[in-house]
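Assemble the complex: chain A is given as a structure, and chain B must be docked to it using the hints.
Listed here are the chains, written in short residue letters.
2 protein chains.
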Amino acid sequence: MKLKVKVLGIDSGGKPIVFLNRYDAEELGITALGRIRLKSKKNIIAIVNLSQTMKKGYVGINEEVRKHLKLKTEMDVDVDISTFPKSLQYIRHKLNGKKLLPKEIQEIIKGVVEGNLTESEISAFVTTLHTQGLDLDEINWLSLAMVNTGKKLHLKKKIIVDKHSIGGVPGDKTSLLVVPIIASAGLTIPKTSSRAITSAAGTADRAEVLMPVNLNIKELQRVVKKCNGCISWGGSLELAPADDIFVKTEYSLFIDPLLMPSIMSKKKAVGATHLIVDIPTGIGTKMQTIEDADHLAKNLIELGRRLNIHTHCILTHGEQPIGLTIGPALEAKEALEVLMNKSNVSDLIEKACNIAGAVFELSGKQNGYALAKKILESGKAEKKLREIIHNQGGDSNIRPNEIKIGKFYHYVKSKKNGYILRINNNEIVEIARTLGSPKDHGAGILLNKKQGDTVLKNEILFTLFSENPTKLSRAKTVLKTQNPISVGKKIDVVIHKVKESPLLEETFIIDR
Amino acid sequence: MKLKVKVLGIDSGGKPIVFLNRYDAEELGITALGRIRLKSKKNIIAIVNLSQTMKKGYVGINEEVRKHLKLKTEMDVDVDISTFPKSLQYIRHKLNGKKLLPKEIQEIIKGVVEGNLTESEISAFVTTLHTQGLDLDEINWLSLAMVNTGKKLHLKKKIIVDKHSIGGVPGDKTSLLVVPIIASAGLTIPKTSSRAITSAAGTADRAEVLMPVNLNIKELQRVVKKCNGCISWGGSLELAPADDIFVKTEYSLFIDPLLMPSIMSKKKAVGATHLIVDIPTGIGTKMQTIEDADHLAKNLIELGRRLNIHTHCILTHGEQPIGLTIGPALEAKEALEVLMNKSNVSDLIEKACNIAGAVFELSGKQNGYALAKKILESGKAEKKLREIIHNQGGDSNIRPNEIKIGKFYHYVKSKKNGYILRINNNEIVEIARTLGSPKDHGAGILLNKKQGDTVLKNEILFTLFSENPTKLSRAKTVLKTQNPISVGKKIDVVIHKVKESPLLEETFIIDR
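Protein sequence lines, in the order shown, are assigned to chains A and B. Mind the numbering: the first sequence is residues 397 to 908 in the numbering used here, read in order. Mind the numbering: the second sequence is residues 397 to 908 in the numbering used here, read in order.
Hints listed in this document are in silico derivations from the structure and should not be mistaken for laboratory results. Predicted model only: the values in this text are computed from it and were never measured. Only true hints are included.
Since copy identity is lost for identical chains, a pair holds within one copy or between any two.
In silico DSS-like pairs for lysine-lysine, Cα to Cα no more than 27 Å straight-line:
| hint | residue 1 | residue 2 |
| --- | --- | --- |
| 1 | K895 | K482 |
| 2 | K506 | K495 |
| 3 | K547 | K506 |
| 4 | K553 | K776 |
| 5 | K400 | K835 |
| 6 | K499 | K893 |
| 7 | K466 | K452 |
Next comes chain A alone, as it looks inside the complex (with noise of 0.2 Å):
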């Protein structure tokens, strides 16, 4: 059947889509979210969308139909019916309780690659491993078809180490110190990290503060060459790109069955031979009970055995944020202050030093801990951030005090004297969200107090920080009904009371 082409100007992120007529899809016996093939001097298979507004025997494309097939508005399209494809098929299988075989994992990986999936169905697929689970077979299928499906780095190094946080604790700047420190010992650390998803800020919206973080896999090759290391954003690099068309559905129905195929897949793609995976654990954390971690940790180093990476995990405690601010600047800073040693961060520094120890240990070295707080006392690992800002196009001069943090201010003060008896990750990131994190980098909070230290009413808790005064007003009003930082007596006992069936606040942290 031949249409007439309307090109529409909008683009679908990678997927072909097609409006029809109601009347031409019946002509061609297709339905809505049913596939056509497109044919001028290439072929293309387009996902069906049905359009009132579309006139009789035109077709509707996308800009992706659009650049492959070089095609203008008036301009004569072939259209016919395309089958679904196989990746649709073995979806089903898993639907209906199947354990999936390697090649249809792979087939169901390149289609949503492809875009000749619909979001509809990925979303089908996720679901299903959420509800029915998927075994380590699977889950190593999966990774593999994930690396497979994207770029790769070629290091030609015989050792590479990596560490990876699965997150959900706000304030975690320990990568900013963990490379620097790894990579003055002489070790190849090409760190690759995310930008906040739901969160107050990734390690790259970190990072981008001191430099610039999205490089291309040549860059990265370069930086990682001179420095043994970078901060790199993974997202422009395309390693296991699937994961990131999975996270799309995933956030908004707070399910996450891919974490570890996601990071492992990234791992393996940047030929990472050493790993330590930290695992925050505790309330407002993703893993909530230390059994749950243990199985998680068991599980990622089976993965790692299979996929050829040693792997090593930390369970850490991650009831309260890392260090004292939440943010990207914010954070920069106090990493920047505490390499120069002018600040002296107990907690960030004790994490730091555990999980650089731990890979040293892991790829020979002894005395990995000591080893680590040496490097850090040393001024080394100041002086090796400075050199991979450097390699990275940034300022490698700057000093903590030029780093911009955002003018509009304001001081939460306790109303009563007590201890501090928890903090609440969530909403500490909903107030930080709220204020512009992670896209004001300025925007963020400074922790006056942390759990178990005592405070005098009237005295500052906490200190909102915003680069602009409307979203800093709206950051108050949030507080009204929350309570991030709750002061106490110690033998307090009661968390609050339930009356009616209340309609639940559900938060959830997917950052990778």
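For chain B alone, coordinates are given in the frame of chain A:
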């Protein structure tokens, strides 16, 4: 935040959708598939798509948003982030294995109908229902929620009867006989039916050969008042519209977890008090075993009890088509000939009289089967159908040979002597659809032989009809790899041999 409007001129099946540049989305603190509130004189919540082609400072809007807010290109509109809808939170409850509450189900169905849930989220809901199942409470509440979010018939009759087939058998034109038989006995039967989605013809497609079927609620009420019955397409009535949205997701996934709420909500919406459900059973239907069919029957009866619809079920043989014809015009012709007592299609007559008889007995009449048979043989049913045709705006004098059948035809002959061992429903449907059914009313298949018949070499097995020579030759190509009618000796036991891991051809009939 103020943005300028760009009208995109595309519609999205009722869902308000906007397109934003990545920069503006970040400024709003929103990612793809998040929600924003647009405000001019009225408000609307729309789902966000990120688009590289959208200019900074502009928001691209679809027809749903344009119509609601009466916006034009270059107009200003206020845009703000909106939280995820409550319905999404409730979907997450089900995702995590929790039983849903009535108000949660009501909110989800409202979200589906009002377009506040994305395709992904609806798909996640349907998938979870499939993998985790739903209990009779949830099925009941879903049915009620689907009724409450749509229109209803108000016929002011004490007894309103209905019949429904769960479908899956090609050529099942039973309703075209049952409705006039029942209506001519004085019972009220406001029959609404569906068009084909994946089958060769729905009852609405068959009836449309004889009369208009796109009635609105007023017209339907008028016809039923005059004739006691009607044969209307359900889609134009907006009864339980959530179902039409769910089915879009379900059909490409080959799942049907909402089968029961789908049936019962539409029956409740027309006000049915007594209902007979036909459950075709056997290989090639939706219910593969008698146990499965009995289980469904049990649940439908209990669900009916909760909804105040007195329900009985009839399990019928569904392993081969009903009657001799498949395709809208061929089937309408066959039904008309049987009603005129010009043709003795025994399985069709038997099925229609059993179902009509069951309706009679359920509503208090005795010897239902005999009564139905008598009405059919007396010509009263034919008279009643012609009355309905007239009142729905068709030609009540229509003769069978005036019904147009595709003029391009092809005989398929037996290659050997033997018996008809099996007829493959799925292959029959695929061939009929390739011939042009249901869109081309005149396309379809005439079965010259049915199961158990003897056949000689070169005798005609079945005849293909098409309105279009290209489609006829395409169907002939399909036939090269298929064998819809198996001829063999009565002692043949082998179905087929499996030697290497085959790519399974799956089929699925979701038509309701």
